[in-house]
Amino acid sequence: MFERRLKIFLMVLMVVTAVIALKAAHIQVVEHEYWTERAADSMKRTIYVETTRGRILDRNGEELAVDLPCTDVVVDYRALTPEPDEKWVRSRALSRLRRHNWDAYLAADRPARRQMLEDEIAAVKADIESMWDVLADVTGTPRQRIDETRDNIVKRVEMRKRYIWYKGYERAVKQHEQAAPPPFWQRWLLGESVEGPKLEEFRIEVAEETQSHVIVGDISTEAINYLGKHIDRFPGMSLRPGVHRVYPFKDVAAHVLGRVAKVTREDLQKDPNPDDELRKYWQNDLIGRTGIEALAEPALRGSRGRMFRHFGVTQPIPDTPPVPGQDVRITIDILLQQQIQEAFANATIPINRNQSETHEMHGAAVVIDVPTGEILALVSYPSYDLNRFDELYASMVRDDINKRLLNRATQYPLEPGSTVKPIVGLGAISDGLIGAHGTIECTGYLVLDGRTYRVGRCWVASKFASLLGERGVAHHPIPWSDAHPTGHLTYSDALQRSCNVYFETLADKMGLEGLSKWYRQFGLGMPVGIGIPESSGRLPDSFRGPADVRRSATWFAGIGQGQIAATPLQMANVSATIARYGTWIRPTLIRGETPIDQRLIRRGEGEFAKDRRQLPLDPAGLQQAHDGMERVVSTIAGTGHALHQARVSVAAKTGTAQAAKFSIPVRDENGEYVRDARGRIVRRILEPGRPGAPNPEAVWYLAFGEDGKDLNHGWVIGFAPADNPKIAFAVMVEYGGSGGGTAANITMKMLEACVEHGYLSPQK
-3 MFERRLKIFL MVLMVVTAVI ALKAAHIQVV EHEYWTERAA DSMKRTIYVE
47 TTRGRILDRN GEELAVDLPC TDVVVDYRAL TPEPDEKWVR SRALSRLRRH
97 NWDAYLAADR PARRQMLEDE IAAVKADIES MWDVLADVTG TPRQRIDETR
147 DNIVKRVEMR KRYIWYKGYE RAVKQHEQAA PPPFWQRWLL GESVEGPKLE
197 EFRIEVAEET QSHVIVGDIS TEAINYLGKH IDRFPGMSLR PGVHRVYPFK
247 DVAAHVLGRV AKVTREDLQK DPNPDDELRK YWQNDLIGRT GIEALAEPAL
297 RGSRGRMFRH FGVTQPIPDT PPVPGQDVRI TIDILLQQQI QEAFANATIP
347 INRNQSETHE MHGAAVVIDV PTGEILALVS YPSYDLNRFD ELYASMVRDD
397 INKRLLNRAT QYPLEPGSTV KPIVGLGAIS DGLIGAHGTI ECTGYLVLDG
447 RTYRVGRCWV ASKFASLLGE RGVAHHPIPW SDAHPTGHLT YSDALQRSCN
497 VYFETLADKM GLEGLSKWYR QFGLGMPVGI GIPESSGRLP DSFRGPADVR
547 RSATWFAGIG QGQIAATPLQ MANVSATIAR YGTWIRPTLI RGETPIDQRL
597 IRRGEGEFAK DRRQLPLDPA GLQQAHDGME RVVSTIAGTG HALHQARVSV
647 AAKTGTAQAA KFSIPVRDEN GEYVRDARGR IVRRILEPGR PGAPNPEAVW
697 YLAFGEDGKD LNHGWVIGFA PADNPKIAFA VMVEYGGSGG GTAANITMKM
747 LEACVEHGYL SPQK
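Using the working numbering, read the sequence shown as starting at -3 and increasing by one per residue.
Think of the hints as simulated: they come from the structure by calculation, not from any bench.
The model shown is predicted, which means the values in this text are computed figures rather than measured ones.
Note that the Cβ used here is the ideal one computed from N, Cα and C, for glycine as well.
Do not rely on the hints blindly, as some may be mistaken.
Straight-line C-alpha distance at most 27 angstroms; calculated BS3-like pairs for lysine-lysine [claimed, not checked]:
(1) Lys151 / Lys121
(2) Lys258 / Lys276
(3) Lys266 / Lys157
FRET-style restraints, in silico, Cβ to Cβ [what the hints assert, rightly or not]:
(4) Ile681 / Asn269: 50 to 60 angstroms
(5) Asn269 / Pro244: 28 to 38 angstroms
(6) Asn720 / Arg236: 52 to 62 angstroms
(7) Arg595 / Asp386: 22 to 32 angstroms
(8) Glu218 / Glu603: 51 to 61 angstroms
(9) Arg236 / Asp386: 13 to 23 angstroms
(10) Ala341 / Gly588: 24 to 34 angstroms
(11) Leu102 / Pro268: 53 to 63 angstroms
Work the whole structure out from these sequences, hints included.
Dropping the structure here:
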């Protein structure tokens, strides 16, 4: 009986042994590669090496944005989480005891040791909690921002952990699905399942959970000294070399260059490289937020490097080196830009014929290379220091007088005044409404169908009525030394003298729709499409009203008032188009075949989506436009004769656009808007200063005229040299008076700068 039981037991034992042997053989032979890979994965940690962002260079190679070395504050991940890692805190507490009280700890009995360790653990946790306030105080970083950074790091690490966890599971599932299912006997004998891998089997720890992360970057020397001296008080904190974005020219071209900022949830959702571990965005990564930084983000952003660290091996094993971002060269000449900006900062404002004053004026200027469409300068004044953006942001947002964040060159559409007159004349001639040499008589007043209108007077009639007396204004006698012989003005004459009556008469024939058609042909009413934020402006056909009101609105739209608004960039490109005899080219900001974010290039539809097109303009009319704009500068009767002093020949058109009084919203002591009983923001109207007596609150806000009540924005557009255009430009000065005043003075300095930098050759 016993012998029989022993045989049965031995048989069972042999079967179990055979099953174990078969299982072992299966693992070692059939699944050898799989388990070897799993073992290797469990013994290594992936380490990512950050890269540097590409430089932004101007057209001549000057560095405009560059990553430079700095010192960052980094903190161990295990101290960043809402509840610090218990094992890590315990190890830090023991480390402290070893350094400061180890002999007493060893000499104490077990309960005393336990109490000493618990007290030290509590002290470590207290120091971690106080560390964030100290860090905020020493570095000048708001505590809220530090907490947001910590939270983003934790989210990023958790996302990465889940990503790797799931990728491992996904790979195992794929292998399982591709393998043939084991036979029944093998499943029964070896215990294999047809269900495949379980997700929880692939939980891992990622390297970032034991690494330090940047909490505050680019700290000051004072902060480095303080934190370095007291580093023992801050568990998990250390100082580490890093890089930060620096803009050497500070406030020059700030609106063009833009800035970088931390990625948002929307950025992560729209990531163009979501499956590329080395290029995808992580929480707390920097991304180009505005300007060239955003437009050229695909080129400027580099790729992380990757290394593997194996347990037991001191040196990490390189896998993929980091790839720095590409350098991006833009079309701007930063030194030219700087000089033009200084012209606004130290503008010359005429007080009378013999006196002037110098102080800042707000406005914008654009210079375009005529043959290529490259933008040489895109100035908006006032500007701000890009290196201090975070520091200054709160005050700039509340600065309702200076509005430094506004890019006046591209985002500030204003009534362009008489600078639209070349478009109106070219449109009417090309539509056959008047010949290139056809004439319209100026009597000082608008006369249509035999009726004289008291609105829409010629500016000569408005300005010199008290001086003309019996002479009247019938034959355009201003100036006396260059009076027109008949008063019947051609298109060229009308441009030279900026005759309102001529262009109002043509506008009446064209109507709001006809005017809008030609404004649109020249690129008004839509973004130019250079890749940085722009305003579309306004076209006359957007106006809605009764027929008689629409008719008068048409007259004013024909002289750049009322239902028409354009940006300096748009008007500079109008001038460039005329300079090219009707070839419209989309201006550019980036040179070469640089990868850009095409989503930021806003184009029109149909033919307006093209980057280059030839406008259907009458050749004779174009020749008259060139002639008239050249006479604006070269003759005494021209409204831009002040530019005749330039060292190059200039063709130009001035503009004087009527402006409303300047008002700002009223804010309370907390910086919030004050609202009336109906919820509307209360506004305060500022009283303008006068040349010689500016308003200290806004020295650039000036009224002109004998009674000091004329509020106008001054414009000048044009090209040079007049006979062989190399550059085209637009200058706009807020509350600068007539285009022939402050705007002309700034234009003179701009032209001199273009000569100095080799874009124009001085006349011999």
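Can you let me know if the beta-carbon spacing of Arg595 and Asp386 is within 22 to 32 angstroms?
holds (26 angstroms)
Can you confirm whether the C-alpha distance between Lys151 and Lys121 stays at or below 27 angstroms?
holds (22 angstroms)
Is it true that Arg236 and Asp386 lie within 13 to 23 angstroms of each other by Cβ?
Taking Cβ atoms as reference, Arg236 and Asp386 lie about 21 angstroms apart, which means the hint holds.
State, for the Cβ atoms of Asn269 and Pro244, whether the hinted interval 28 to 38 angstroms holds or is violated.
holds (30 angstroms)
That 50 to 60 angstroms hint for Ile681 and Asn269 (C-beta), does it hold up?
Given about 51 angstroms between the Cβ atoms, the range holds.
Has the given pair, Lys266 with Lys157, been kept, meaning a C-alpha gap of at most 27 angstroms?
holds (21 angstroms)
Can you let me know if the beta-carbon spacing of Glu218 and Glu603 is within 51 to 61 angstroms?
60 angstroms Cβ-Cβ, so the 51 to 61 angstroms window holds.
Beta-carbon spacing of Asn720 to Arg236 - inside the hinted bounds 52 to 62 angstroms or not
Holds - the Cβ-Cβ distance for Asn720 and Arg236, about 57 angstroms, lies within 52 to 62 angstroms.
Has the hinted range 53 to 63 angstroms been met by the Cβ atoms of Leu102 and Pro268?
holds (59 angstroms)
Assess, step by step, whether the Cα of Lys258 is no farther than 27 angstroms from the Cα of Lys276, and give holds or violated.
holds (14 angstroms)
Check the following: the C-beta atoms of Ala341 and Gly588 are separated by a distance inside 24 to 34 angstroms.
holds (32 angstroms)
Checked against the numbered hints listed earlier, the structure breaks none of them; every hint is satisfied.
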